[in-house]
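Undergrad: What follows is each chain in one-letter form.
Number of protein chains: 2
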Amino acid sequence: MQPLKDRIRAEGRVLPGNIIKVDGFLNHQVDVQLLRAMAKEFRLLFPQKDITKILTVEASGIALAAIAAEVFGVPMVFAKKAKSDNIEGGLYQSDIYSYTYKKKVTLLMSKQWLTPHDHVLIVDDFLANGEAIRGLIEIVEKSGATLTGVGIAIEKGFQPGGKIIREKGINLQSLAIIESAEENNIVFRE
Amino acid sequence: MQPLKDRIRAEGRVLPGNIIKVDGFLNHQVDVQLLRAMAKEFRLLFPQKDITKILTVEASGIALAAIAAEVFGVPMVFAKKAKSDNIEGGLYQSDIYSYTYKKKVTLLMSKQWLTPHDHVLIVDDFLANGEAIRGLIEIVEKSGATLTGVGIAIEKGFQPGGKIIREKGINLQSLAIIESAEENNIVFRE
Numbered sequence: 385m386q387p388l389k390d391r392i393r394a395e396g397r398v399l400p401g402n403i404i405k406v407d408g409f410l411n412h413q414v415d416v417q418l419l420r421a422m423a424k425e426f427r428l429l430f431p432q433k434d435i436t437k438i439l440t441v442e443a444s445g446i447a448l449a450a451i452a453a454e455v456f457g458v459p460m461v462f463a464k465k466a467k468s469d470n471i472e473g474g475l476y477q478s479d480i481y482s483y484t485y486k487k488k489v490t491l492l493m494s495k496q497w498l499t500p501h502d503h504v505l506i507v508d509d510f511l512a513n514g515e516a517i518r519g520l521i522e523i524v525e526k527s528g529a530t531l532t533g534v535g536i537a538i539e540k541g542f543q544p545g546g547k548i549i550r551e552k553g554i555n556l557q558s559l560a561i562i563e564s565a566e567e568n569n570i571v572f573r574e
Numbered sequence: 385m386q387p388l389k390d391r392i393r394a395e396g397r398v399l400p401g402n403i404i405k406v407d408g409f410l411n412h413q414v415d416v417q418l419l420r421a422m423a424k425e426f427r428l429l430f431p432q433k434d435i436t437k438i439l440t441v442e443a444s445g446i447a448l449a450a451i452a453a454e455v456f457g458v459p460m461v462f463a464k465k466a467k468s469d470n471i472e473g474g475l476y477q478s479d480i481y482s483y484t485y486k487k488k489v490t491l492l493m494s495k496q497w498l499t500p501h502d503h504v505l506i507v508d509d510f511l512a513n514g515e516a517i518r519g520l521i522e523i524v525e526k527s528g529a530t531l532t533g534v535g536i537a538i539e540k541g542f543q544p545g546g547k548i549i550r551e552k553g554i555n556l557q558s559l560a561i562i563e564s565a566e567e568n569n570i571v572f573r574e
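Going line by line, the protein sequences match chains A and B. Just so we're aligned: 508 in the numbering used here is position 124 of the first sequence, and the numbers increase by one with no gaps anywhere. Just so we're aligned: 511 in the numbering used here is position 127 of the second sequence, and the numbers increase by one with no gaps anywhere.
Hints listed in this document are in silico derivations from the structure and should not be mistaken for laboratory results. Note that the Cβ used here is the ideal one computed from N, Cα and C, for glycine as well. Incorrect hints may have been included.
Stated by the list, open to error - Output of the computed footprint for chain A on chain B, the stretches with three or more beta carbons under 8 Å from beta carbons of chain A:
#1 452-466
#2 514-524
What the hints assert, rightly or not - Residues from chain B that keep clear of chain A, each with C-beta distances beyond 10 Å, as calculated:
#3 ARG391
#4 LYS424
#5 HIS503
#6 PHE542
#7 ILE548
#8 VAL571
Work out the full structure, taking the sequences as your base and the hints as a guide.
TA: The following block contains the structure:
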């Protein structure tokens, strides 16, 4: 998606450790007009009329998922990250490894808000190693809902998450796939 | 705001410890159409044309703040909660006490995204003891930006946050103020 790629080229910063910083428009300060354009692109990429829920995980995926939910005309649900071992009942859980915090994190979703009747589109801002998306897919599977696909804003194509998800036969669509990132030279996959 | 109050009465659950659970439409599953109506109400309550930023804090305020930002035609910024003591430079910080997690939490905001030129509307989903809002106000003060006001979805009027903020002379507007909450009997302030 060209407007997103242009914005990454213009404002993204490449930090040591293959970190691509886009916190001026995507995940700290957020350009909601760009998010609206991205949400409309997801609607074109996922035209299925039976989608009933947009699913994401806190925190930085929420803004994009909320605006996508409005475009799709369905509710948004977001998995929470467990803050303690004191977890109440009635929840779907999935343990993932957080590369950001270098520790195990448990994703939680109330069973009330995801059921076997749901058709789910997962939306998130970033895909790198794919742990968060793997956890969300596991929660969808546990709920018995149907996974329609996964929509990502920025995929780091040089990390394994995208390949792993596509090899499962899941319909993964990323609006920008970064093939390589060096200072002043960000290359996108065509 | 009547549609929000109706929804709280219809679907809100009162749990021991004065917890009001609205996770079917506000902070776990999210009804984005209701959020859009709430954002338009904020626009009526805060008609100031010089607002440049909507500010919130992760995680559950982000959806409402994102849609409010679209209605106001400005970017949204959200303060992050520190996950470690390893905090980089270039950040405004504010220490708050989290009643949810029963510990100190540090709010962080990059200095890049809040400047003395900004006029800021703070938006959040809940106001109870007011610690999160106190932290956001402190960050606005540290940045030198102008605080236009604070817009809240649900204020727990029987907890001190609202009174403390109003006594500072800050323009605080809550779309629903709950005066008392018992099972099957939620009373709103008129």
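Undergrad: If you check each hint against the structure, which ones fail?
TA: 2
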